[in-house]
Amino acid sequence: MTDQLPDPAAPTGRRTARLVFVGLAVTLVIALAGGAFAVYRMLDGGGAQPHDVLPDSVIGYARIDVDPSASQKIAALRLIRKFPDLAKEIGIKSADQDVRKLIFDGILDSTECDLAYDEDIEPWIGSRLGIGLDKDGKTPLVAIQISDEDKARKGLDALFMCGGDERPGVAFLDGYAVVAEKQVVAESAVKAARTSPLSKDKNFVEDFADLGDQGFASAWGDAQGALDIPGALDGLGGGFAEQFTQGFEQGGGQLDDLSTWLTDARSGALTLRAGSRSLEVVGLLHHEGKREPVKPLPIASLPDSTIAAFSGSGGGASVGKQWNSLVSSLEASGAVGGADIAAFEEQSGFALPEDLETLFGDTLTLALGSANLDTIPTLGGPDDVAGLDIGLVMESDPAKAMDLAGRLVSLVEQIGVPLAVSPTDRGAVIASNEQAAADLGTAGDLGDTTAFKDVIPETDQATIIGFVDIGQILDALSAANPPEEIARQIDQAESLSAFGFSLRRPSDDVQQLSIRLAFTK
Numbered sequence: 019m020t021d022q023l024p025d026p027a028a029p030t031g032r033r034t035a036r037l038v039f040v041g042l043a044v045t046l047v048i049a050l051a052g053g054a055f056a057v058y059r060m061l062d063g064g065g066a067q068p069h070d071v072l073p074d075s076v077i078g079y080a081r082i083d084v085d086p087s088a089s090q091k092i093a094a095l096r097l098i099r100k101f102p103d104l105a106k107e108i109g110i111k112s113a114d115q116d117v118r119k120l121i122f123d124g125i126l127d128s129t130e131c132d133l134a135y136d137e138d139i140e141p142w143i144g145s146r147l148g149i150g151l152d153k154d155g156k157t158p159l160v161a162i163q164i165s166d167e168d169k170a171r172k173g174l175d176a177l178f179m180c181g182g183d184e185r186p187g188v189a190f191l192d193g194y195a196v197v198a199e200k201q202v203v204a205e206s207a208v209k210a211a212r213t214s215p216l217s218k219d220k221n222f223v224e225d226f227a228d229l230g231d232q233g234f235a236s237a238w239g240d241a242q243g244a245l246d247i248p249g250a251l252d253g254l255g256g257g258f259a260e261q262f263t264q265g266f267e268q269g270g271g272q273l274d275d276l277s278t279w280l281t282d283a284r285s286g287a288l289t290l291r292a293g294s295r296s297l298e299v300v301g302l303l304h305h306e307g308k309r310e311p312v313k314p315l316p317i318a319s320l321p322d323s324t325i326a327a328f329s330g331s332g333g334g335a336s337v338g339k340q341w342n343s344l345v346s347s348l349e350a351s352g353a354v355g356g357a358d359i360a361a362f363e364e365q366s367g368f369a370l371p372e373d374l375e376t377l378f379g380d381t382l383t384l385a386l387g388s389a390n391l392d393t394i395p396t397l398g399g400p401d402d403v404a405g406l407d408i409g410l411v412m413e414s415d416p417a418k419a420m421d422l423a424g425r426l427v428s429l430v431e432q433i434g435v436p437l438a439v440s441p442t443d444r445g446a447v448i449a450s451n452e453q454a455a456a457d458l459g460t461a462g463d464l465g466d467t468t469a470f471k472d473v474i475p476e477t478d479q480a481t482i483i484g485f486v487d488i489g490q491i492l493d494a495l496s497a498a499n500p501p502e503e504i505a506r507q508i509d510q511a512e513s514l515s516a517f518g519f520s521l522r523r524p525s526d527d528v529q530q531l532s533i534r535l536a537f538t539k
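Quick note on numbering: the sequence shown equals residues 19 to 539 in the working numbering.
Note that these hints are calculated values from the structure, not bench results.
Remember, it's a predicted structure, so these values are computed and weren't measured experimentally.
Note that CB positions come from ideal geometry on N, CA and C, so glycine has one too.
Do not rely on the hints blindly, as some may be mistaken.
What the hints assert, rightly or not - BS3-like, lysine-lysine: derived pairs with alpha carbons at most 25 angstroms apart:
1. Lys308 x Lys339
2. Lys119 x Lys156
3. Lys313 x Lys339
4. Lys339 x Lys220
What the hints assert, rightly or not - Distance windows between CB atoms, simulated:
5. Gly307 x Glu130: 53 to 59 angstroms
6. Ala461 x Ser294: 26 to 32 angstroms
7. Glu502 x Gly424: 29 to 35 angstroms
Make the full structure from the sequences, and use the hints.
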């Protein structure tokens with residue numbers, strides 16, 4: 019990392035300049051994001067990116083690119099065509115429309131600025147924008163792609179005048195205007211970026227190499243650089259910085275674990291990209307430390323009739339490790355005391371934290387099947403739940419799991435909800451009816467369904483997985499004869515297929531996040 023940028027003394031009217039600066043950044047981000055609907059004809063996504071003109075002293079970075087790779091633009095165009103009503107509602111009439119004009123016209127019409135997109139913005143605005151935060155934690159930089167430097171100077175000057183008398187600084191590099199609150203900061207940033215751009219930072223390069231295609235939008239952060247900012251943790255409130263450095267005195271606990279996680283984190287990246295039938299957010303975090311062994315999640319072995327499920331691992335061990343510090347925190351806040359917990363145990367017959375450790379166990383999975391979904395709007399009482407296929411799958415000590423399941427069922431049945439229990443080799447199943455319990459206790463083929471595979475690309479080494487079969491849910495809602503307005507909304511959403519998310523730990527130094535929305539063919 020290079021030295022941080024200058025921190026000039028605050029001038030009179032600094033707040034006005036900051037508002038102008040932030041307003042410009044937000045306006046351009048919105049406009050360029052909207053432009054993503056209109057640049058698909060340009061199949062060459064080459065050229066400098068914002069991280070090529072920002073210095074490597076930047077510790078936080080976000081980017082929007084409406085001229086990405088050809089595959090990204092083609093995929094996005096296909097997805098947009100699936101929602102003609104939405105495109106029409108927001109004013110998109112054709113694929114070659116400059117939606118930046120649509121957005122800017124709306125913004126400019128709401129201000130007193132005597133500016134027009136065609137004359138003052140379009141002649142110089144490019145397709146990419148990046149926002150960076152320098153390592154001092156208080157020096158923001160904005161890199162705006164431009165097509166003409168002279169016209170950009172004039173256009174930016176006109177925009178700045180809309181916000182007040184004090185204007186941000188602007189410097190130019192490789193087809194970009196780099197905007198900062200003061201001219202000396204903008205010039206220093208450009209000077210540093212000439213020799214040490216963010217795009218050559220070792221961690222930045224490695225993070226995005228592992229992440230793959232950066233898509234339409236991406237972000238990056240230097241975790242250690244953020245922790246080095248004086249008072250950075252104070253922003254979390256509640257005396258977090260003091261607790262972070264001191265930890266809980268009660269035998270470690272949550273803050274110790276969080277402290278370790280934060281100090282071990284190195285850097286991370288995130289991207290939004292389009293596939294042939296999906297939109298996807300993918301992220302990763304590089305950090306030090308050995309990973310804990312991960313128990314395979316059983317979600318892919320649920321029945322193929324499952325339409326929604328959530329599965330997580332390691333909960334039992336976490337509960338046992340965090341219990342004392344959690345109780346101490348509750349007592350300190352006055353929410354719950356030790357006497358309250360003891361009274362609950364005596365009245366309910368549950369033992370804490372032991373029963374919670376058994377409940378969460380090695381893995382815990384919740385599932386909803388497709389049977390009788392169309393009856394949900396007409397459910398008359400708790401006993402009607404038996405007509406649905408709802409279940410909880412515990413992978414824990416089998417004897418303890420069955421004992422806990424029996425006690426939980428007895429408790430719930432007191433309020434009129436009948437439940438079924440079934441043992442498994444790895445624990446127990448609690449379900450809304452006997453058939454659902456039996457099905458959840460038997461290996462199924464959910465992982466082989468198209469909907470699941472479209473949104474959960476990998477299950478190996480996953481610690482959390484969530485899945486929703488949107489298509490089946492929409493079909494069930496349609497079968498329930500909904501009101502006309504609801505039916506119309508269902509029809510508009512018919513292109514949606516499935517949604518899924520997962521958190522994986524494929525190696526000791528990497529955590530991966532995937533959030534994916536799939537569409538019909």
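Verification of the supplied hints:
A C-alpha spacing of about 17 angstroms is found between Lys308 and Lys339, which places the hinted pair at or below 25 angstroms, so the restraint holds. For the given pair, Lys119 sits about 32 angstroms from Lys156 by alpha-carbon distance, which is inconsistent with the 25 angstroms threshold. Note on Lys313 and Lys339: the hinted pairing holds, with a Cα-Cα distance of about 18 angstroms set against a maximum of 25 angstroms. A hinted pair counts as satisfied when its Cα atoms are at most 25 angstroms apart, and Lys339 with Lys220 does not qualify at roughly 36 angstroms.
Between Gly307 and Glu130 the beta carbon distance is about 55 angstroms. The supplied range of 53 to 59 angstroms therefore holds. Distance hint check: the CB atoms of Ala461 and Ser294 are about 31 angstroms apart, consistent with the given range 26 to 32 angstroms. Range check, Glu502 to Gly424: about 47 angstroms between beta-carbon atoms, so the 29 to 35 angstroms window is missed.
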